[in-house]
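S.K.: Here is what each chain is made of, one letter per residue.
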Amino acid sequence: MADFRQLALEYVLADDEAKLTSLAKQAASELQGAAAPTNPVARWVESVQPWMPGSQGDDEMADGDSPDWTARAKALEFLSRTLDFLGTDVLKPSQIKLLVSFFGAMFDIDHKAGILASATALSRISIMKSFQPTSANDIIQKVCTLKDDFPRQVAKTRLAVFELLKFLITSPETSKAIQSRHGSSASFMSDLIRLCQNERDPANLMVWFEILAYFLREYSPSKEILEEVYGAFKAYFPISLPRTSPTGITPDQLKLSLRACFSSNKDLAPLTFPFLLGKLDQGDGVTANVKLDVLKTIQACIEEYQNPHDSVTPYFNQIWGSLKYEVRNGEVEDSIWATLEVLKAIAVRLEGEDLRDYALTVTRDCVNDLSSTLYTAPAGRLLVSVLSAGPAAFVLMAAPAVTHIKENLRHPKAPAHSRDLLKLLQVILETRIFLVGAKMATSERSDFSAIDTIFKTLYDDVFRNPVQSGAKEGATEDEIRLATEAVQGAGALVCQRSSGSIATSDGTVTTNDENEKLLPENTCSQICDSLFSIITYGNSASGQDSRSKDSDELVNSTTTALQRAVAANPNAFPTLVEKAFEIVTASPSEQDKASSAHVFGSLLAYVGCSKLPQKPAEGLRNYLILVKSLQVDIVSSSNGSLSVWGSLVASIQSAARYFNEAFQELKPERSASSWDRSWASAIVSKYPGLDLLDRNAVLDGFIVSGSLSVSEAYADFLLATLYIVRQLYQKATKVTEIAGIKALQLDDKFNGSEGPLEHQYLHFISALAGFVLHETSEEQQLSLKAHEFTLNLFHDDAISATNGAIDEQSSAWDWLIVGRPNTLSLGVLDALHPSSVSHLFESGIAQQVLLRGVTISDDSADSVSRAVFRSILTILSNKHRIETVEPLITQLNQQAQTVLQQAQNAADETDTSIYTKSLSLFAIAAGVLRRFCGKQIQPLLKLLSEVPTAGATGKQLSQHLELVVAPQAILAKENFAVVKPLWMQKIYFQLVKPLLEAALAPPAADAPANSKASINVGVLSLIKHMNFPIYEEDSEKVMRIAISTAQSGTAGVADTRAALEVLKNIVVESPDKGESHARSIIDICVGEISLKKTSRERDAETGKTAMEIMVGLPRLFDSRHLLPHQPQVERELALACGNPVRELRRLARVARAAWSDLK
Amino acid sequence: MAAAALDNANPTILSASQLPTRQKKTAPRLGPDSRFGDLIFSKPSYFSQPLSVDDLKAVSWPKLNSYEDDFASDPIDEQEIYDLISTISDPEHPVSLGQLSVINLPDIHITPSPSLGAPSPNTIVQVAVEITPTITHCSLATVIGLGVRVRLEQALPPNYRVVVRCKENSHSQDDQVNKQLSDKERVAAALENDTLKGVLDKMLETCA
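Protein chains in written order, with UniProt numbering: chain A, 1 to 1159; chain B, 1 to 208.
Please note that a few of the clues may not be correct.
[What the hints assert, rightly or not] List of simulated lysine-lysine pairs, DSSO-like, C-alpha gap at most 27 Å: (1) B:43 with A:1104; (2) A:549 with A:413; (3) A:129 with A:92; (4) B:197 with A:731; (5) B:43 with A:1024; (6) A:686 with A:667; (7) B:202 with A:1159; (8) A:129 with A:142; (9) A:615 with A:549; (10) B:43 with A:973; (11) A:456 with A:406; (12) A:1159 with B:197; (13) A:279 with A:223; (14) A:749 with A:731; (15) A:1073 with A:1104; (16) A:986 with A:942; (17) A:749 with B:197.
[Stated by the list, open to error] Between beta-carbon pairs, the in silico distance windows are: (18) B:20 with A:1036: 46 to 54 Å; (19) B:128 with A:639: 53 to 61 Å; (20) A:980 with B:77: 51 to 59 Å; (21) A:547 with B:176: 54 to 62 Å; (22) A:592 with B:197: 56 to 64 Å; (23) A:1028 with B:197: 35 to 43 Å.
In short, the hints are calculated from the structure, not lab data.
Backbone N, C-alpha and C define an ideal beta-carbon position, used for all residues, glycine too.
Extracted from the complex, chain A is given alone in its bound form (with noise of 0.2 Å):
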């Protein structure tokens, strides 16, 4: 038999918080384990009989000590730890009667000790199974007795007390038994309030409003307890807490419970309204904060309260005119919006007559305002959030607020009333957008409907003057502002539905085609034939003569406004696309054509194409009338120049672009499924109108039949912009015949005679097609076949891209490889996924380009092709497992051995051929190294550490090695290009470190004289592009080789500059590594700053990157380290503020403040 007494015994002793627990946990099992007739639990509960009162006695101690409180606290814990670790069905009905007595009658004798143990061990029981509701009500009795003790307690022990009484109230079974116990008087809750009327601790206040709130919503107390429990809370409000309050309670959580209380139930509408609204109209006594507190309130009232009619209705008009000067008046927009959402709140709750009350009010009071130039803006406020709140409100109060309106617009007072009139009819009518489309019973749809009238006149009455007076010759500044305004409300009304209805035999209503228009077919046409003159108007001569910001941005809204208006009326876009085409044929030179190509086919883009109409077809068919009219005017003007070409192609582009991120919203699925080899021929047999070559035809050559879904009109959106792709790639190229075999060279057009032109146009069709193709799916470009692009740039007919026996020499793609359509090749290559790469490998025509890429020394190529091909070779070898084909991967790493043979074996620079073949293989390096370093590659990464060594043409060379880890946009991963973690890692170990070592070791007796410094100069470039962490713990090697490359007398302008930002780079990571070369440092900074320099050798980024250093050094290093240089550095500094670029001067100046500063 366990020894009760014992346990308690121990407990009261032990401090430790394991071993006080063990005791409990024994205590609780001995209690479950011990036989019914030894009856454990009254000797469970005895056991602290010597503690308690009575046994010692506390008025007999009176005379001598004090009782032991604490132990005595220690050994009630003991009990109610106990029943913590007890099974909630051990105890019999009859012990947890004898239990809550026991710990009930604690409240009463034991204030000082008792209380925390007490509450806690009653919570505990009271979700005991055998627990009697009935006895929740003998539990608050008792916790009443505590009286004035209960204030004395700590606040965890009054939140013990607070939590045990949340539960009592709140639970269903307890609070079911209270209840039917005192019924509508509750006046137990008279004896809580008087209990805890003083409380202030934020987490006690937080249950204590919980209880309040709880009861007023579920007790339906009567009147007079209602107002008690009113006086209770209201005198909290308005609630806050200090900022330092150690609680992890914030004041918005305190301020919500509180919220709580007051709109618990709608019976306290007659004391809440008038209370809160007092505390507002205090006037300045009431801070910002407190405001925004009292209107939240007032809504959360609003919001709650059942039964609007009786709590609302009867204080709406005291609200509303207590509110209405807050938004009149008032200037923290926080409580403005506050405001706004009360009145809104009122508008939601309220319905017939009250709400034709509150709404007349609303708008008796408003529309005053409306004729004065101070008031509009607050009173179109006002108006609006009343009449957003719901299509009732808005049938009400539209129409007086239109009329009004356009009265007052007949004799603005200002040039800024005018302005807040036609913003707030433009919100009105953005009101009406949002709300027409909402579920409506079938009369308030036919209310909706009655006030349609008021909507259809708005352009001829309200916008057409402001809007036309916007694309007037020389338009004051007031009107291009008001037109700004007006273009937008004339924006907002084109894409209104109408509200006509159809009832549906549930009831509910739904409007009866969803395209029907508001607006009359030909006024939509005459608003987007405005909009689009002030846009013209706007980019004519006269118009840019008179550029302003203000006209900018009327600009601007039109372009937003017509966007909307073609977004509704599809069918208004081919006549905008004829009018700018107007236009652009209409210039005078090409140049000009060039330019208004430009702003025209880009605004077209956007207006047309930026946003899918509710047809997805019609957005479509506007797309393709659009890019197919510009294709059709390059095919047309074979004369044209480059340059208009080149506008028109980017606006086919930017029509691309902006077609598709609009359904991207829509996210299309992209499927492969009819997708196949004969794609051509199957969208033209669609789309009959993309083989048109008469602009006016192909206005007309597109008609929408059937509807489409949005991923059908996706993928046909795809298949014609590729189809369009192929007919620019068509029209640029050519199909020859050399040595018998059928090649491509580019058009005669592209002859040279207009330079860059020629570059920039063929990248523009390439982007063009690396676009589209980059949208497709893996599976779509499989299904096409678009690797074959790369190869016949689609001219499918003539040239094959099946044939290729590997072989190195053959020279049946040198027009791939060297000639100049590789740029189009390029393009879409960039676009593949690995998988359609790999078909080049396996039709063995990408070994072929490879193998002939690393041999073939022909310089009659131009630097842009050679270029182009280098990044052909890096995609290739990166896009595929090139490591793995056999014999290529051979053949190529015999090559690398060969290259550098050549290269150690090269007298003098001149060779060119030697510098060509090892740039490509440096360009395959940076395919596959960020793929793979293993050791089927190891022979061309002995090229790659060896090349710097080798000869004369080591140095060169070494220069380019960052090829290898340059950042390129083909390698990123959002084009496919596969990219391993950690590569840069792996380069640096495997080539930067060895090179690193060979540089800093004694020099060998037969190297050769420059051998060291082209090492360095490899280390540098390569490291120029990695980050810092990479090469930390090399760091101070990395210092050396720097400085040294930066002093030797023969390095070029490139190598100073890596080796400028590399240091740069060191200092700023860690200047600690930088301050022992503090002198080496700043004599090369200064070196490269001095003007003393002549200007051939100055080199305006490295002193960029030099001054940059000067400006850091002094937040950088320690001042001792920079003390004994400032004479020199201030001397140089102040001749740099003389530098003749600007930039550098401004740096100049900064780094001359700092250096000044130095102590």
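Got chain A sorted already, so can you dock chain B onto it with the hints?
M.R.: Okay, now just chain B, sitting in the frame of chain A:
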């Protein structure tokens, strides 16, 4: 400088947009329709370093909107001097000298003129700045003049000589003020004065 003793309690202040700037050409309009412009017209990667290892400068990329080259050679001109000193704060008001029209672009003169190209470091260049006090009896004209002088001496190379004067008839005692400002020894002595130095430092705090 107690508020009660303000020489001119209510000066005319220009807004930032009214001040002269280097941006003579307004930037192109950037509307919703030009979102992809930069992307489409950007130079392809094979056209720039390090991919294009050859000298591609000859094959320049046609630009949509020509903008100024950061590294072009540009002599110090009046606008640059203006930018250096117009940001000095007024000792009385929390606004800049440019906003108060104490410093005006037409009142800055450089000889030899910058339009002749960048001068060599051995050419002596004279920068003359005329300040216009906001009122004719401004007691702080000398302090402002001193501030301008100190700022320019800190920001210009040693071959530039700075002359600061009051604009003719802009001050009731302009000859006195000019005399003080051009007296090197008095200027040097003024800078030894800790109180004055403190005022000057406060004025120059706002200079970038």
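S.K.: Check whether the Cα positions of residue 129 of chain A and residue 92 of chain A lie no farther apart than 27 Å.
M.R.: holds, 9 Å
S.K.: Within a Cα-Cα threshold of 27 Å, do residue 686 of chain A and residue 667 of chain A meet the stated pairing?
M.R.: holds, 23 Å
S.K.: Regarding the pair residue 279 of chain A and residue 223 of chain A, is the alpha-carbon distance no greater than 27 Å?
M.R.: holds, 23 Å
S.K.: For the pair supplied as a hint, residue 197 of chain B and residue 731 of chain A, confirm whether the alpha-carbon distance does not exceed 27 Å.
M.R.: violated, 73 Å
S.K.: Given the proposed pairing of residue 43 of chain B with residue 973 of chain A, does the C-alpha separation stay at or below 27 Å?
M.R.: Holds - the C-alpha atoms of residue 973 of chain A and residue 43 of chain B are around 20 Å apart, at most 27 Å.
S.K.: For a C-alpha distance cap of 27 Å, please report whether residue 129 of chain A and residue 142 of chain A respect it.
M.R.: Between residue 129 of chain A and residue 142 of chain A the Cα gap is close to 21 Å, so the pair holds against 27 Å.
S.K.: Is the hinted pair residue 1073 of chain A and residue 1104 of chain A satisfied, with a Cα-Cα distance of at most 27 Å?
M.R.: With a Cα-Cα distance of about 22 Å, the restraint between residue 1073 of chain A and residue 1104 of chain A holds, given a limit of 27 Å.
S.K.: Is the Cα-Cα distance between residue 749 of chain A and residue 731 of chain A 27 Å or less?
M.R.: holds, 10 Å
S.K.: Check whether the Cα positions of residue 749 of chain A and residue 197 of chain B lie no farther apart than 27 Å.
M.R.: violated, 71 Å
S.K.: Given the hint that residue 43 of chain B pairs with residue 1024 of chain A, test it: the Cα-Cα distance must not exceed 27 Å.
M.R.: Holds. Residue 43 of chain B to residue 1024 of chain A sits at ~22 Å (cutoff 27 Å).
S.K.: Please verify whether residue 986 of chain A and residue 942 of chain A have alpha carbons no more than 27 Å apart.
M.R.: The hint holds at about 15 Å.
S.K.: Could one say that the CB atoms of residue 547 of chain A and residue 176 of chain B fall in the range 54 to 62 Å?
M.R.: Given range 54 to 62 Å: violated, Cβ gap about 48 Å.
When each numbered hint is compared with the structure, violations occur for hints 4, 9, 17 and 21.
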